[in-house]
Amino acid sequence: MDLRHVTSINDLDNDEIEQVFALADRYLDKLKDADHPHRIGESTDVAKGAILASLFYEPSTRTRLSFEAAMIRLGGKAIGSADPATSSAAKGESLADTVRVASNYADVLVIRHPRDGAAKLAAEYADVPIINGGDGAHEHPTQTLCDLFTLRRENKQLKNLNVAVSGDLKGSRTIHSFVYALARFGANIMLMPAKGMELPAHVDWRLRHEYRCGPLPKDRYDNAAMDALYVTAKQPHQLSLMASPPEFERNVRVKKGVDVVYVTRFQKERWTEQGQDYPKVDAKFLKARKYREARVLHPLPRVGELDASLDRDKRAVYFQQAAYGVPIRMALIALMLDLDGRNKWKKFADGFEKSSHVLFDQPKDAGIECINGNCIVHDKLERDYAKSRFHLIEAETPRLRCFYCERDIDSFVIANRKTRHYDTNLTARQWPDQKHARDFVLFKDTQQAEHVGYAKRQQAGRKAKAR
Amino acid sequence: MDLRHVTSINDLDNDEIEQVFALADRYLDKLKDADHPHRIGESTDVAKGAILASLFYEPSTRTRLSFEAAMIRLGGKAIGSADPATSSAAKGESLADTVRVASNYADVLVIRHPRDGAAKLAAEYADVPIINGGDGAHEHPTQTLCDLFTLRRENKQLKNLNVAVSGDLKGSRTIHSFVYALARFGANIMLMPAKGMELPAHVDWRLRHEYRCGPLPKDRYDNAAMDALYVTAKQPHQLSLMASPPEFERNVRVKKGVDVVYVTRFQKERWTEQGQDYPKVDAKFLKARKYREARVLHPLPRVGELDASLDRDKRAVYFQQAAYGVPIRMALIALMLDLDGRNKWKKFADGFEKSSHVLFDQPKDAGIECINGNCIVHDKLERDYAKSRFHLIEAETPRLRCFYCERDIDSFVIANRKTRHYDTNLTARQWPDQKHARDFVLFKDTQQAEHVGYAKRQQAGRKAKAR
Amino acid sequence: MDLRHVTSINDLDNDEIEQVFALADRYLDKLKDADHPHRIGESTDVAKGAILASLFYEPSTRTRLSFEAAMIRLGGKAIGSADPATSSAAKGESLADTVRVASNYADVLVIRHPRDGAAKLAAEYADVPIINGGDGAHEHPTQTLCDLFTLRRENKQLKNLNVAVSGDLKGSRTIHSFVYALARFGANIMLMPAKGMELPAHVDWRLRHEYRCGPLPKDRYDNAAMDALYVTAKQPHQLSLMASPPEFERNVRVKKGVDVVYVTRFQKERWTEQGQDYPKVDAKFLKARKYREARVLHPLPRVGELDASLDRDKRAVYFQQAAYGVPIRMALIALMLDLDGRNKWKKFADGFEKSSHVLFDQPKDAGIECINGNCIVHDKLERDYAKSRFHLIEAETPRLRCFYCERDIDSFVIANRKTRHYDTNLTARQWPDQKHARDFVLFKDTQQAEHVGYAKRQQAGRKAKAR
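Residue numbers (the numbering used here), protein chains in the order written: chain S, 1 to 467; chain P, 468 to 934; chain G, 935 to 1401.
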């Protein structure tokens, strides 16, 4: 069945994101209808008869309710399961089974799950579109749509915008989706992490290598709190990693000031250590001259890192940002379910556009596994449903990327299941193509390969099929 | 108020079950409308303005969501309480009170409860139709409707079908509803219980005596895993237990193979001991020649007893079975609420067809009590609402059947409250009829009767009113 | 934005309450439509497209479901969060933030919260109407509407009605809303508290001083179980406290019997000590001659204080009372949201009619605080959102009333922030008016005032601006 999933912000291209925004603008006008200041209803009924089911394996009020409200404002209805403890998971059911069954109950499923990559696993098994409502520390793409839409409504052009992201850059899924989008739209990203909560290495790598972001030398900006500043390349969305290093826009106007401060919550449910030195954004912080024109965003909920005294500051737009949750999700649902007469999205056979990276399905219980302990593949309940799958990222130093959680592995060996030989440093031309991927198995190191009987390939050994 | 409850599969006669299936077929066609592959909606709006309330006192995702989806697909709306811990029960309210109050909020109530017989108690107090969404280890009638409908859609005629039921036959309420229906429709039932989880004695008794099932001698079939094989009589639905033993269809084609394997989950929430030897159905199991044409069903969720490797086997129909949950429940609701123009169900003064068995209401705190410790009558919260009530089953050796959980008691004494005498072996002709039932009290044994001052009836004592 | 909140029964005047009842009568007729005994639906669709969101921070089935059913019966839809543990509060979000965000999802919010005054805090931050679904031990105004409507439907005129209220008069929020309404409509209130659960002093004070209720001397009634009997004045709703003491209707016909017995549940979630001596209302209790014509009401759920044997007594109207929950809430929602064509309610700039009492906003972390430990201002999560605010009640001995929980403080000092002097016994003419309120700060005693540098005002000191 041809459909469309949104498990990552990168499942939407820039044009599609713009379409979401254009449609959200239209819905927002209807919702704000001056004749019904207190009755937002009846904005449209394009989703009449349709059902949205929310399957939430983590606490949430705002995301679930905003999805439900969005579906209802479209004329549809919402059902859902809000509490892990009262759901089938409490009986030991896998997400894969739950999603297959729930596909019969609804026209679109929203999943929130504590495991990274859960939404992609759900998408593998669903017969209806999946929307990622937040999966572990992986991504939260609909939040990012609200974030970008907020900046757009504030007349902030993303291109060359100076965006500071503050707080828990490691565990915050909203940050991960957000920085990818910023890079893709050409914004400059200023990292202001809490101590020990720096941007994960694999996200950093993607920003540099896939979205052509380049770090600006420290002497080009003066900000003690800033950990790094990514400047996006002139053609940010070129993904040809093997090309020459991007030419940075050296004339980035860093000193023009910070346009956006994006604050995130200390994710106490993900980190055990105390967040004592967590950066707090308050009136004093914003007094610095460089923040004079900044907009302050926060995905909410906040738990102290954003002072309530800012609520009346005109730079604070986080409640406006929250208000955009309904029209943005209305637009996304309408486009995913083909309810909008004007725009049609492409549909794909498995719900996703075919990746340009070769995908390796590992044999069961053999070879390398995802190194992310919180990846959905390590969930006992999903043992029989989520196999080890990796995209091969053909960078100078090639790396494997877990199909589900998108965490990278930069050291591994590849072995030929027929010749029983393994290799450690194939050149790009030597990599198997998708057709031959099934002949290969991946190991984390030579020891693991040899342990199950593979031998090192000799100099004049077999040659992998070139792409 | 005349209405109709479904607390047991036996609250529906075979004709009515066929009506559910015929209507489900029609709804299924609408739901699968090729023009809206992803939008099942708008199938009908016969339930416009109606409300279904789900009162779930046990974890559930699929049953609750499928009922809610069914009501919405009919054009109605759903409300509900999914979590025991956040409901009025947490404040110590009885189910009886909750149901009386919730009758004002909805047009039909679905109840799930950990206690056997809870649905019948709910039906006693509700002003609107009650649907049993699973009560303890008693029954789960709507699951059985999905099961039978699946077989029907797979072109399996129930008459003489060889159906193997595997796993926890003791604690699985789906099994209990299912085997009654199989017997009523003339299927042969092959029992393959997990160790210590054999079919309860009272279910076995009903199959043999009320649905005229007969066990086939062991030498007539060769299956080590099979505990017993029930062959249904030629006229399976004759309930005259006093008639001569049924004439078995000796020519049952057992060796033709097994048509259906019905697998059930280990009910870990009901059993404390480990399910180590729980039977697992996997590819190896199904390799046996006799399963070559079998269909594999499972009510889901599964927790290991049904191997994921079977999911792509064409004999596996359990996801299809789950998919039928919505149209089946749509049909049931439509018929119960009189929303279907073509079919009208009879309504009954108390929601049930009058039983042919005499019903004894025991005086409060006196006499025999239900022997099922998990029966709703033993729930402290229901103490003032669920009195001891028994149907007298007039078999050769008469037995009492708890009105709520339908567990049988095969040894008891009956005493006359006026003469203060008790009796142990009345003949069928001596039993009181319904009109005189209130003059009698039941005790578990002579000791209990004598303890409260009853004396054994002398030879030429009073004679009970014959029916 | 002009709107209307209902956080207390006193947010509605008597005329508005009558309007709710008149509209509820109309809805009730539709709901009971003889053509659809089991299908209450389609009564109206005035709320088409509108959304009610329930934010429940405490267990509830009936209140939440009755609100949801009411909105659906009006043609709208309902979303909500039923479980504190799965909501944003579990992440540490303040109610203030949650309400601001949820204002974007719905057209009306129903709040239930364990803290007194939570509904008023919610109303301060909401952009849509707030309905109090019960806040701590403060109030439960929609329950009171059901209660009064029940009496009205039973042909009980409130004026001079003898109403006994039994049980936990201290912790029961339903009682507090109820007695205010009784007083305002001129009923006589007979207090029959459980031991140690007497009516709180501040509620008693309001009955006497604001609703002109007077206690009848003990020798005027003979009832050992009765703690006090309030007789309402001839003009019950005159609030001019400075006027002469009310002239009691000395000819109150106490001995005519009790017209209403209102029983309440032992609030085990609020009291730790055992409710051993909790009064139980049963058949024996009601045998007394004075209860011969009484109606027995109970807000439900009951947990033993109201015997199930009464359920078939014609004086028991508590299930009827529960049944009125839906039409009453339909009417309230319709009037608050302006959905009723015939009646229009006044809207107010901040959701409430301007109080005649001067409101003091205390500076942060200074001066007197609410003495009610369960007040929402003491909730850590609301620390930055709920400041100390007090109404000055200008009685003979003036008192402060917490803006949120309405608990009174009868001893305090007032200080002038400019002159740095404090005063202990200003006459009424000396009190600051609203315009000058910000120049003053309140302290709990002279010691607290002096500790931060205030000095006692000298005889011929500054004179507070007279009103």
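It cannot be assumed that every hint is accurate.
[Said to hold, decoys possible] Below, computed lysine-lysine pairings styled on DSBU-like, alpha-carbon distance capped at 35 Å:
| id | chain 1 | residue 1 | chain 2 | residue 2 |
| --- | --- | --- | --- | --- |
| 1 | P | Lys-781 | S | Lys-380 |
| 2 | G | Lys-1278 | S | Lys-32 |
| 3 | P | Lys-923 | S | Lys-91 |
| 4 | P | Lys-902 | S | Lys-91 |
| 5 | G | Lys-1288 | S | Lys-30 |
| 6 | G | Lys-1093 | G | Lys-1288 |
Calculated directly from the structure, the hints in this document are not laboratory data.
Bear in mind that the values here come from a model prediction, so they are computed numbers and not experimental data.
Now for the hints, and whether the structure bears them out:
Pair hint P/Lys-781 plus S/Lys-380 holds up; C-alpha atoms about 27 Å apart against a cutoff of 35 Å. Of the pairs offered as hints, the one joining G/Lys-1278 and S/Lys-32 holds, with about 22 Å between alpha carbons and a cut-off of 35 Å not exceeded. Proximity of P/Lys-923 to S/Lys-91 is assessed by CA-CA distance (about 51 Å); at most 35 Å being required, the pair is judged violated. Restraint check: the Cα-Cα separation between P/Lys-902 and S/Lys-91 comes to about 47 Å, which exceeds 35 Å; the hinted pair is violated.
For the suggested pair G/Lys-1288 and S/Lys-30, the alpha carbons sit about 32 Å apart, so the restraint of at most 35 Å is met. Taking the CA atoms of G/Lys-1093 and G/Lys-1288, the gap is about 28 Å. The hint holds against a cut of 35 Å.
Hint check: violations occur at hints 3, 4; the rest are consistent with the structure.
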